[in-house]
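Engineer: Sequence:
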Amino acid sequence: MTLWPFQQVECHALPFTRLYVAPRCSLAYCLWLLCAILLVVIPLFATFATENVWVKESFYRAQPAVSFTNELFLIASGDTVNSAVGWSNQPSLQSLLPPEVKVPLVRSSFSDPNHDG
24 MTLWPFQQVE CHALPFTRLY VAPRCSLAYC LWLLCAILLV VIPLFATFAT
74 ENVWVKESFY RAQPAVSFTN ELFLIASGDT VNSAVGWSNQ PSLQSLLPPE
124 VKVPLVRSSF SDPNHDG
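Adding 23 to a residue's 1-based position in the sequence shown gives its number in our numbering.
Because the hints were derived from the structure by calculation, they are not lab data. Beta carbons: idealized from backbone N, C-alpha and C, even for Gly. A couple of the hints might just be wrong.
Ranges between beta-carbon positions, derived for each pair [claimed, not checked]:
hint, residue 1, residue 2, range
1, 127, 89, 48 to 54 Å
2, 62, 31, 44 to 50 Å
3, 70, 136, 42 to 48 Å
4, 28, 55, 50 to 56 Å
5, 43, 74, 41 to 47 Å
6, 130, 83, 31 to 37 Å
7, 134, 107, 29 to 35 Å
8, 89, 58, 36 to 42 Å
9, 84, 60, 40 to 46 Å
Produce the complete structure using the sequences and hints provided.
Structural biologist: Now the structure itself:
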């Protein structure tokens, strides 16, 4: 047993490493080289084969959800403030109409030939 001031102290340690080498013409080196090349070539080929590297033009088309409810609110203004006429088939909007109410002939259709809403 040594005295405390004279004990050896570990200041720095290096782990034990082992290095394996192979000549350039060995099977291990050729396999390593093949894997390194494929690691670069396969993603590069897949990227250019899909032709989506850079988006050159893009668009988005949305179909609106529209339904025809057969509700109408119509106000036509004239030359003066008192010459406005209007009509509505909604009872809740009758208070917004001008004093003179005229009933028009209204035709409606549910057909939508191009189905765009």
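Engineer: Against each hint, give a clear statement of whether it holds in the structure.
Structural biologist: Comparing the hints with the structure gives:
no.	hint	verdict
1	127 with 89: 48 to 54 Å	23 Å, violated
2	62 with 31: 44 to 50 Å	47 Å, holds
3	70 with 136: 42 to 48 Å	44 Å, holds
4	28 with 55: 50 to 56 Å	53 Å, holds
5	43 with 74: 41 to 47 Å	43 Å, holds
6	130 with 83: 31 to 37 Å	36 Å, holds
7	134 with 107: 29 to 35 Å	32 Å, holds
8	89 with 58: 36 to 42 Å	58 Å, violated
9	84 with 60: 40 to 46 Å	43 Å, holds
Of the numbered hints given earlier, the model fails hints 1, 8; all others are met.
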